[in-house]
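S.K.: With the hints as a guide, dock the two chains, each given alone in a separate frame, to form the complex.
If you're matching them up, the sequences are chains A and B in order. Sequence positions in the first sequence follow our numbering and run -10 to 605. Sequence positions in the second sequence follow our numbering and run 47 to 271.
Just so you know, these hints were derived from the structure itself, not from any lab. Treat the hints with care, as some may be off.
Stated by the list, open to error - Okay, the calculated bits of chain A under chain B, using three or more residues with CB under 8 Å as the criterion: (1) 310 to 319; (2) 464 to 478; (3) 495 to 508.
To be verified - Here are the simulated BS3-like cross-link-like pairs (lysine-lysine), alpha carbons at most 25 Å apart as the crow flies: (4) B:Lys119 / B:Lys105; (5) B:Lys49 / A:Lys320; (6) B:Lys119 / A:Lys505; (7) A:Lys505 / B:Lys196.
To be verified - Far from chain B by the CB rule (all over 10 Å, computed), these chain A residues: (8) Tyr(-9); (9) Asp(-2); (10) Thr239; (11) Asn240; (12) Asp281; (13) Ala290; (14) Gly392; (15) Ala395; (16) Phe418; (17) Tyr424; (18) Lys460; (19) Asp492.
Predicted, not measured: the structure shown is a model, and the values here were computed from it. C-beta: ideal position from N, C-alpha, C; glycine also.
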Amino acid sequence: MYKLTSLDDFKQLQSRLVADQDPTVPVIIINAGTCGQASGANDLIRIAKRELLQRGLVQRINLRVTGCHGYCEMEPSVLIEPRNTFYPRVSIKDMARIVEAVDKGRVLDDLLYKDPATGESIEKLEDLPFYRPQKRTLINRNQKVDPIRIFNYIVVGGYSSLLSVLEKGDPEAVVAEVKASQLRGRGGAGFPTGLKWELLANQRNGQGKFLVCNGDEGDPGAYMDRSVLEGNPHSIIEGMLIGAFGTGATNGIVYVRNEYPLAIKHLIIALRQAREMGLLGDDILGTGFSFDIKLVRGAGAFVCGEETALIRSIEGLMGEPRQRPPFPIQKGVYGKPTAINNVETWANIPVIFERGAKEYVKIGTEGNSGTKVFSLVGKVRNTGLVEVPMGITLREIVYDIGGGTADGAEVKAVQTGGPSGGCIPASRFDLPVDYDSLTEAGSIMGSGGMIVMDEHTCMVDVAKYFMSFLKDESCGKCFTCRKGTQRMYEILDDITRGEGILDQLDLLEELALAVKDTTMCGLGQTAPNPVLSTLRYFRDEYVEHIVNHRCPAGVCKALITYSINENCDGCHLCFKACPEGAINGEPKELHVIDAEKCIKCGACKSVCKSDAVVIT
Amino acid sequence: MIKLTLNGLEVSVEEGTTLLEAARFYGFPIPTLCYNEGLSPYGACRLCVVEIGEGPRAKLVSSCTYPAEEGLKVRTASERVLRARKMVIELLLASCPQSKIIQDLAAAHNVRQQRFKQEYEDCIMCGLCVRMCEEQMMAKAIGFRGRGEKRSIGTPFDITSEECRQCGACMYICPACQLRCTYNEPEKAICGACSNLSPPCVEKEQFDDMMCYMEPCVACEIKTE
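Here chain B stands alone, though its shape is the one from the complex (with noise of 0.2 Å):
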């Protein structure tokens, strides 16, 4: 077991575990977006941010991939954290402002404007889908490429993987959604997987009001516009 201080409370940990995990454990929340129990930690969101040492030394790392160390004395939620968790929230919502997961963050943690360019673009690059098509679907199927501004998620060619089962997990994972949703049109890249799932919205001519059952996929409401 390893002892370490969160927040000035004692803790121990088994060894292996991350800040996030102990944090969480012992009922000190912390933010996540790029984070899921089931798959490997990305540390690409920085909104889990914490401060760790003491002195000139401390710092900020991402909780979701540092490990909890002997003696470590961790702080969740102090000024220096929160105050560049806001700007990560600010950052976020100028570029994402429709997803209902970032809302809600920005509410939680009071950030009520933001003083950016307004942008609407769909992807915030978390990795979820790209980490969860590999390593929960064992498929591969979608990546990474590029850099910089130039990043973005897609499958090679941007032509439909073989890969790609159209499972829907991309989607189904996405905190930002409609991003990798191209509706039931199977021939489209990447998913389609209300195509293969015939979910209600799809069978119905009229699906006004519906959502969808994957639960944040907003697909049905854009389809009608």
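The following block holds chain A by itself, in its conformation from the complex (with noise of 0.2 Å):
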């Protein structure tokens, strides 16, 4: 690889790069990230480079390697270009098959998507279910790019927003395109990120201003920024490039957590291959513009997704927040002024240059322009990443793309959010999805997390789970943060084991309102959402497993009780499944759960062929 040395240079290479280009060669697309890879994409990816060597075809048939392209419940899955044949849950014995199809310019209509509902195959990516609602602008770069390969990011036109941002050369017309097109941090909050920019722009106290890529994402079920970071990271380092050139920024942070490994070492690849080309580093194409970006690896602690406490956590110092002001903005990292933008605000950078700020904000609605990924995960047919613009109802989500439940219990809640966010009933499903309805409704929009509850979800028993994920996560130091979490699990374990009283519940929201008002970061100040939100909802719950001493939705292990009925049909499955020996019966006859024994683990319900298993 060599240095680019001049604007025009990049133009050649680009162009170069394009014509070499042959479009109607077909490219089979296999996608690695974590969670391709935990289903079995290495082993499709070692089987097709065999077939490929075998059969002769290295010239005439491509293979790419690319990240997550979205749709988790269908890994892993291939993708045949140009045709966009998408191929679900391909099993190893397939992959030869399929080579040999794309050689043959087949499609196997065996293994193609099948539509639930009719059952009719589809055949093209964009026409699946999961994908036809959805607005992709960020994700969908993901099947166009090896993110090991830089020469696939700018054939995409990878590269060519900062170029266009260079050539201009007017750092405050970047800032006012960025202003211009109203996107908001996609951290969870929604601070316009054009007014931070400009915040940091103004600040002329002192050099090396400091951009930080805010990579640590922790959230339980959220994995939006780890796909991209692993699948695009050069669309990372161009957002930063384009933000450093408009603020004045000379150094940037990109902060990955530890558990990200691949994400960190593809973030490492491009960095290098950056820097070698001439797109990092000092005079930058030649245009005496210069800029660095350092990775630095989480030390492992959710809270150090605040900004604060990020900074502290850079810095090498314990992640503990700090109250603002003094903001990042005028003291962040090693006391210079910084600006902290998520994973997903940075990609979408060059997506606005490159369709301008004016059509950008067609996307969305007003004053909550643009797409925002999701990861949709729970009780849902189709779990997976979704990019959907703002301002979509949380219906179109869960049924249309989602798919609605996949054995047909009805959807109860969505938790957005993360741990800080809340619980938005079905009742209120027609809730667009953006910043201001979700805080309205007592949720938050979070970094994107979504997870779809059903009726068999206990919403006391989801409380408590995100408090004692709180409980441990908080730092500590705030005392009624750490104190009121923990006070908050104990209460809520008292209701789950059906020893609370209704006093309680009015202590607990009580405490919930202090926590939220005294704390100092937004770890705390969110932290009593899960319990605001379903007291808000869901209080019938609650007085059901105090009152009555009943969980509704059978859950609650205390408050439970495991029985057969007379569907049984002696079949002896649950006798051999049950771990401690509590299930008496012969072969053929009925069975009967001593319920001295039973530790309500649930084995026989879920080998029970004939619903005779009931929870009452």
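M.R.: This is how it looks when you write it as structure tokens:
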């Protein structure tokens, strides 16, 4: 790789790379993000490579290993360009057939996705019910780019936004463009990015401003940032370069949690490539503009995603927040002015400059422009990363994209915003998904976790789970956050064990409001949200636990009993499955559960074929 | 000079003054646990919260760490502040009822009962001892470790630190006391200051009702049990 020393160098390289492309050559795309690898993508890659070599197809078919495409439920999946043929859940033995079919130009009908409603096969990726309602501007790039090959990124128009910015050479125009795009920070709070940049650009004290990419994504069940970092690290670098040019920052830091080894690997490679090509470092593309990015690995605490704690963590101190002001924009990393943006925000920047702010604003709603990536998980048929325009309703996400629940159970609520978010009940599913509506409904946008819950989910148990997470992850500096989350957990634990009293509900609410009011950082201020939102919408479930000692969803172990009804056909499976020997009965006879011995693990229910095990 | 409003009273303070200092200077009492004039503000105990701003943007901030701003409207004893403060005291009382300082706070704020499960912890993690050790004694012998409910204060590896001069400052400043006082056993991890300083309680064989001169320390009372 040689160093590009001028803007023209880059243009020449780009046009040469584009000219080398033959759009008619089929490409086998295998997504091997962490999720793909976990479900066997590496085996598919191995077989695909072997087949291509053995059949002598290396010149005729290309293979591209990419990051996640978003449809996690169907991993490992294979995509064939240029037709965009989508093969879900490909098994090892089918991979050789796919390679052969690609060579012959055929489509394997039996391996295609079947619409669960009609049973019809759907060939193209964009026609799938999961993808059709989405508006993908970030995640769709993952399938075009091999994250460890910078040329791949340049061919699809990567670094063109940077080029146009450098050609114009007007930092103020950059900030103005971002302001015009109305982009709001994707980390959760929704602070206008353009305004943040303007504040940073106006900071005159001292040299050395910092830009930080916050990749400390710690919400349980959320992985939007990971897939962008793994699948398209150059888009982050490009976004930060544009930001640096606009704000006059000279140092960049990408803070990634250490639990994302693949993201770290791809970032290290991407940073090295960009540096070798002269896109990072001193005198970028001969324009005299200098900016370099350092990778910092998180030392492992949820709270380090909070700005001021993140700054301390970068400095090598204990990750605990401090009171603002001074804001990071005034005094950040090493006391220098610092702008911290989320991974997704940075990835949005090249998109804005590619399309122009005027076009970008058209996506989404007034004041909430652009798209947002959510990780749709929980009791839903299609789990995965969904990218939708702001202002879409929850109903569309859960039913149209998510396909409702897999077993036909009724959806009860959606939990948005990770552990500090809240639960929104099904009755409010017409709520548009944007920063302000979600806050009004008692939840938050957060970084984009979205957990679907059905009637078999106990809302008290959900609140207890999140509180248990938060009491471990609170840094412990604020007394009310540390003790408050512990006490809220204690009360919730009492209620789920049937030992609660009604007065505790008022105490719980009072405590939750006090914690929200008195804590220092975003973690503490949003920590009571799971409690407050479930109390607001599902108070009857709490009362049911306390007054009638019943768990309506059949989750809280202390309040339920397992029994076997007359549907039992004596198959004896539960007898074998029970770890405690609590089930009595001979084969072909009605079985009985010994309540004394039963530990309520649910093993019998999961093996029963005749639906005879009931929870009361 | 910065002009701001304290409980409706227009006042002016020097730049860099915190809201707590300003309020105390003008005679508005604000209770604190983790604040000490000689140490850097930390904002951990949340007792000193005051309400700033107006309307829907009004919020509570810890006055010990918040710098006075031009035109800021501060309320040190609004209903919202008092409600929050009472809950903080109730939580303190539920965890650390034996501290004289916390008992006094509860009495002063008319908190007569607490509704949680009673705990008998020693440390409220106010961090006074850590800052005392670092900023005034220049030792940095103790520090925080862990997070959330596992957060604690101690020396590295829980062995006597070479940095520790057993000055007893940590013990002196502790509002919950008892905590780091390991009586007169110098082998113990942190303090053991009394063995160094030979206070009267150590020299006498019987020290039934005698209080240690390190005022909040009640080590000798416990020793007799």
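S.K.: Can you list which hints this structure breaks, lowest number first?
M.R.: 13, 18 and 19
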